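The whole structure should be built from the sequences, with the hints applied where relevant.
For reference, each letter of the sequence shown is one residue, going 1 to 109 in the UniProt record's numbering.
Quick caveat, the hints were computed from the structure, so don't treat them as lab data.
Fair warning: this is a prediction, and the values are worked out from it, not measured in the lab.
Some hints here could point you the wrong way.
Cβ-Cβ distance ranges computed for the label pairs, FRET-style [said to hold, decoys possible]:
1) G36 x E75: 16 to 24 Å
2) R24 x G72: 28 to 36 Å
3) C100 x Y77: 17 to 25 Å
4) S89 x N28: 14 to 22 Å
Note that beta-carbon positions come from the ideal geometry of N, C-alpha and C, so glycine has one too.
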Amino acid sequence: MTTETDHAHDEHEHDLDADPVTDRVHDNSWSANLEGPEHAEDRDLVVEQAIDAVEHTAAGNHVNLVTHGEHGHPETYLYNALESAYGASFEWEYVDQCGCGGHVVRVQT
1 MTTETDHAHD EHEHDLDADP VTDRVHDNSW SANLEGPEHA EDRDLVVEQA IDAVEHTAAG
61 NHVNLVTHGE HGHPETYLYN ALESAYGASF EWEYVDQCGC GGHVVRVQT
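As structure tokens, this is what we get:
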């Protein structure tokens with residue numbers, strides 16, 4: 001799925017060794033793992049890949065964005081990014097904090 005809010009990947013130089021969060025559109029509900037060491041070091045990478053995950057989720061499904069605990073509660077950085085990217089187009093909710101310290105935000109497309 002492509003939206004007007006697609007972001008230019010060359011605008012930001014992130015960890016070039018970071019694997020993409022996904023390489024296909026998911027026609028089911030799924031979880032995006034944003035808890036790797038590269039995510040702990042780069043909050044912007046977490047946000048960029050979270051938006052990529054939403055964009056790769058087919059309509060009518062949801063993606064669980066599992067964020068690294070290093071950045072704290074996602075309301076402090078991810079909610080505003082989702083709001084800027086999608087406005088009221090999608091709904092999201094905080095699910096829970098993982099035992100490892102990360103957080104889960106569910107985005108319904």
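Which hints from the list above does the structure break, by number from lowest to highest? none
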